[in-house]
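Chemist: Chain by chain, the residues:
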Amino acid sequence: MPGTVLYDGGDAGRQFSAELKSETLKGLVNIISALVDEVKFNITPEGMTLKAVDAAHVAMIEMKVDKGAFESYYADDCELGLDLDKIKSVLKLASGVEFIRMEQNANLGKLIFKVGNITRSMTILDTSSMSDPKVPDLHLKAVAGVSVDELKRGISAADSISDHITLRLNPERFELSCEGDTDSVSLALDKGKLADLSAEEEVCSMYPLDYFSNIIKAVPNGTVINIELDSNYPMKIWFDMADNHVSVNYLLAPRVESD
Amino acid sequence: MPGTVLYDGGDAGRQFSAELKSETLKGLVNIISALVDEVKFNITPEGMTLKAVDAAHVAMIEMKVDKGAFESYYADDCELGLDLDKIKSVLKLASGVEFIRMEQNANLGKLIFKVGNITRSMTILDTSSMSDPKVPDLHLKAVAGVSVDELKRGISAADSISDHITLRLNPERFELSCEGDTDSVSLALDKGKLADLSAEEEVCSMYPLDYFSNIIKAVPNGTVINIELDSNYPMKIWFDMADNHVSVNYLLAPRVESD
Amino acid sequence: MPGTVLYDGGDAGRQFSAELKSETLKGLVNIISALVDEVKFNITPEGMTLKAVDAAHVAMIEMKVDKGAFESYYADDCELGLDLDKIKSVLKLASGVEFIRMEQNANLGKLIFKVGNITRSMTILDTSSMSDPKVPDLHLKAVAGVSVDELKRGISAADSISDHITLRLNPERFELSCEGDTDSVSLALDKGKLADLSAEEEVCSMYPLDYFSNIIKAVPNGTVINIELDSNYPMKIWFDMADNHVSVNYLLAPRVESD
Numbered sequence: 004m005p006g007t008v009l010y011d012g013g014d015a016g017r018q019f020s021a022e023l024k025s026e027t028l029k030g031l032v033n034i035i036s037a038l039v040d041e042v043k044f045n046i047t048p049e050g051m052t053l054k055a056v057d058a059a060h061v062a063m064i065e066m067k068v069d070k071g072a073f074e075s076y077y078a079d080d081c082e083l084g085l086d087l088d089k090i091k092s093v094l095k096l097a098s099g100v101e102f103i104r105m106e107q108n109a110n111l112g113k114l115i116f117k118v119g120n121i122t123r124s125m126t127i128l129d130t131s132s133m134s135d136p137k138v139p140d141l142h143l144k145a146v147a148g149v150s151v152d153e154l155k156r157g158i159s160a161a162d163s164i165s166d167h168i169t170l171r172l173n174p175e176r177f178e179l180s181c182e183g184d185t186d187s188v189s190l191a192l193d194k195g196k197l198a199d200l201s202a203e204e205e206v207c208s209m210y211p212l213d214y215f216s217n218i219i220k221a222v223p224n225g226t227v228i229n230i231e232l233d234s235n236y237p238m239k240i241w242f243d244m245a246d247n248h249v250s251v252n253y254l255l256a257p258r259v260e261s262d
Numbered sequence: 004m005p006g007t008v009l010y011d012g013g014d015a016g017r018q019f020s021a022e023l024k025s026e027t028l029k030g031l032v033n034i035i036s037a038l039v040d041e042v043k044f045n046i047t048p049e050g051m052t053l054k055a056v057d058a059a060h061v062a063m064i065e066m067k068v069d070k071g072a073f074e075s076y077y078a079d080d081c082e083l084g085l086d087l088d089k090i091k092s093v094l095k096l097a098s099g100v101e102f103i104r105m106e107q108n109a110n111l112g113k114l115i116f117k118v119g120n121i122t123r124s125m126t127i128l129d130t131s132s133m134s135d136p137k138v139p140d141l142h143l144k145a146v147a148g149v150s151v152d153e154l155k156r157g158i159s160a161a162d163s164i165s166d167h168i169t170l171r172l173n174p175e176r177f178e179l180s181c182e183g184d185t186d187s188v189s190l191a192l193d194k195g196k197l198a199d200l201s202a203e204e205e206v207c208s209m210y211p212l213d214y215f216s217n218i219i220k221a222v223p224n225g226t227v228i229n230i231e232l233d234s235n236y237p238m239k240i241w242f243d244m245a246d247n248h249v250s251v252n253y254l255l256a257p258r259v260e261s262d
Numbered sequence: 004m005p006g007t008v009l010y011d012g013g014d015a016g017r018q019f020s021a022e023l024k025s026e027t028l029k030g031l032v033n034i035i036s037a038l039v040d041e042v043k044f045n046i047t048p049e050g051m052t053l054k055a056v057d058a059a060h061v062a063m064i065e066m067k068v069d070k071g072a073f074e075s076y077y078a079d080d081c082e083l084g085l086d087l088d089k090i091k092s093v094l095k096l097a098s099g100v101e102f103i104r105m106e107q108n109a110n111l112g113k114l115i116f117k118v119g120n121i122t123r124s125m126t127i128l129d130t131s132s133m134s135d136p137k138v139p140d141l142h143l144k145a146v147a148g149v150s151v152d153e154l155k156r157g158i159s160a161a162d163s164i165s166d167h168i169t170l171r172l173n174p175e176r177f178e179l180s181c182e183g184d185t186d187s188v189s190l191a192l193d194k195g196k197l198a199d200l201s202a203e204e205e206v207c208s209m210y211p212l213d214y215f216s217n218i219i220k221a222v223p224n225g226t227v228i229n230i231e232l233d234s235n236y237p238m239k240i241w242f243d244m245a246d247n248h249v250s251v252n253y254l255l256a257p258r259v260e261s262d
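If you read the protein sequences in the order shown, they are chains A, B and C. Following this note's numbering, the numbering of the first sequence begins with 4 at its first residue and continues without gaps. Following this note's numbering, the numbering of the second sequence begins with 4 at its first residue and continues without gaps. Following this note's numbering, the numbering of the third sequence begins with 4 at its first residue and continues without gaps.
Fair warning: there could be bad hints in the mix.
One copy or any two copies: either way a pair holds, since identical chains are not told apart in the list.
Under the rule of at most 20 Å between Cα atoms (straight-line distance), these lysine to any residue pairs were calculated in the SDA-like manner [said to hold, decoys possible]: (1) 117 / 169; (2) 91 / 159; (3) 95 / 220; (4) 95 / 187.
Derived from the structure by calculation, the hints contain no laboratory data. This one's a predicted model, so the numbers in the text were calculated from it and none came from an experiment.
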């Protein structure tokens with residue numbers, strides 16, 4: 004009885020197909036893989052969203068990809084679990100300006116990528132055990148708009164000094180600093196060098212350098228990152244990518260000095 | 004008694020001197036070293052030929068280098084055994100457009116390379132134990148002319164999936180495919196994307212990816228490779244390089260699925 | 004009592020501040036770190052000098068940096084002990100055309116580097132145990148002005164042959180040669196290819212390749228190096244950098260063939 008399905012395995016019959024520039028997909032994957040190896044996308048006719056927390060529950064990411072980020076996009080409501088290393092291997096096949104086409108074959112539980120004359124089929128991960136973390140609604144006291152290029156330089160300078168950094172905001176400036184046993188480093192950006200600064204008093208927290216470094220290095224050069232801070236609180240980072248069709252929220256727990 | 008030689012040590016007195024572009028020599032060495040580390044060239048006044056088989060007897064190469072590939076060429080009939088790693092170290096000294104001069108000093112059993120102001124002398128290998136493999140005369144059912152750039156991409160896509168690939172030719176298309184436990188990949192080139200296609204029926208064989216990858220990656224981008232196939236037979240690859248002054252035949256045994 | 008200092012900790016109160024192009028500092032650090040990891044600069048109002056010998060006492064370097072090498076320079080007489088790896092980490096923050104500012108905070112025993120919006124503070128090393136080696140006053144028989152680009156190529160060619168090289172000067176040419184068990188290589192530069200040649204008779208010495216390679220590879224391409232030689236004597240190398248504001252002398256002990 005062709006066409007008859009007794010059990011459709013959940014998402015069978017639901018459809019997802021989309022096409023986007025290789026460099027757009029690469030930008031998304033870089034950001035997400037700063038935190039996790041596997042990801043569950045929640046897909047709707049209007050776009051994709053994801054929420055993920057790292058294994059140690061230190062950082063959390065929330066990403067929204069508007070369908071405008073795609074060249075073409077057609078989707079029913081569904082979930083899509085993907086292995087990011089496999090998508091990276093697909094991205095290596097494409098030059099930045101090339102298009103990558105994705106098509107879900109829900110009956111087979113596969114996602115099909117097409118790049119040029121290559122067809123790459125990968126198993127869709129079972130998402131039943133991948134729950135969406137609840138993203139806390141933080142109200143932090145200060146915020147600054149900082150060039151990611153400056154932050155990358157500050158991270159690079161901090162790298163040989165210590166494994167944690169202090170971020171500080173006051174009405175005059177943003178500062179990233181790092182203290183070692185004998186040496187220290189700081190990146191100081193006065194109000195005039197910031198895209199935006201809102202702080203009524205000085206706030207300051209310490210964070211693990213490796214987490215901060217992973218996310219910042221994944222952000223494309225030229226991006227302005229909004230950093231929200233409070234004293235001894237998680238930081239909240241948010242920024243847009245891909246002509247504002249992609250928005251990212253990122254939370255990172257502070258390192259509390261107990262000793 | 005000048006000019007008198009009591010014992011000429013085999014090739015003594017026979018001469019070989021030639022000059023060629025660094026990039027031409029590099030192209031030859033890349034191809035040969037995809038298969039073997041040491042090689043015996045059979046040299047005549049008209050050019051050089053070599054036949055080589057890899058240690059596992061899985062693949063075989065036959066190369067003919069017309070004297071037109073050289074800027075200057077003078078040779079008596081002789082054999083020349085060379086260590087390819089040593090030639091690669093000479094190639095590292097030269098930019099692509101520079102000329103490399105080779106001169107045999109048969110009395111000393113040396114080959115002398117000259118690059119710029121550098122003179123590099125290397126021992127000629129004893130060729131007495133290096134026999135020419137007999138290249139079988141295969142008559143295969145189908146052949147296609149395929150862009151090596153496409154093949155490189157297909158190999159790259161297959162790399163993370165499996166350690167063997169299937170090549171398929173039918174009257175409509177050429178296909179390279181690779182099946183893993185959960186994922187798969189294929190490169191499909193329809194007739195219109197091939198330089199040439201001749202197949203009366205579908206033929207298909209499986210080959211070890213590493214061997215195929217080594218030879219394909221050694222071929223300069225932009226080259227069209229002729230692939231001859233039959234079902235469960237060795238493949239035969241042939242292509243020209245260096246303005247058709249170099250021709251290469253390559254045979255690769257199939258992987259027969261016994262289990 | 005502001006301004007009153009009971010104990011000034013040696014150099015406290017003495018000042019050093021200077022600014023120079025990143026690429027100039029990089030050039031200096033590359034040369035010095037070919038020999039040592041830590042260095043003591045002797046600083047005067049007119050510039051900086053250093054003398055250093057490697058741990059095995061095989062090679063010695065003397066460098067003079069005129070204050071003209073700096074964009075701005077202000078210094079009292081003092082000594083400054085620095086860890087070269089730390090300066091390299093600062094250099095990684097700067098592009099070649101960017102300026103790096105150095106300021107001594109003698110009270111804290113720190114040297115402060117400023118690059119863009121980054122401030123990097125590093126501990127000044129205790130120089131009390133870093134004595135200046137006495138540089139011998141050698142009078143060698145022959146000298147040639149040799150392109151460092153040619154020397155780099157000769158070193159590269161020698162690399163796979165042996166771990167020592169022979170330098171030779173006679174009234175006709177400069178020669179770098181290297182003999183292995185089966186292979187050999189030489190770089191021969193006739194008088195016309197040398198910037199300068201003065202040799203009344205042939206002189207020749209053998210040197211360790213690794214030391215010679217380290218210093219030569221650290222010299223910027225396009226530099227002419229003066230090589231002074233005598234038979235079985237140390238070699239003396241001297242050259243200028245940074246528009247002649249930096250002069251370098253380098254001595255390397257010969258490898259004497261005892262067996």
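Chemist: How would you classify residue 91 and residue 159 at a CA-CA limit of 20 Å: within, between, both, or neither?
Modeler: between (25 Å within a copy, 12 Å between copies)
Chemist: Is it within, between, both or neither when you check residue 95 against residue 220 at 20 Å Cα-Cα?
Modeler: both (19 Å within a copy, 16 Å between copies)
Chemist: Given a CA cutoff of 20 Å, do residue 117 and residue 169 count as a within-copy pair, a between-copy pair, both, or neither?
Modeler: between (44 Å within a copy, 19 Å between copies)
Chemist: 20 Å Cα cut-off: does residue 95 pair with residue 187 within a copy, between copies, both or neither?
Modeler: between (38 Å within a copy, 16 Å between copies)
Violated hints are absent here; each numbered hint is respected by the structure.
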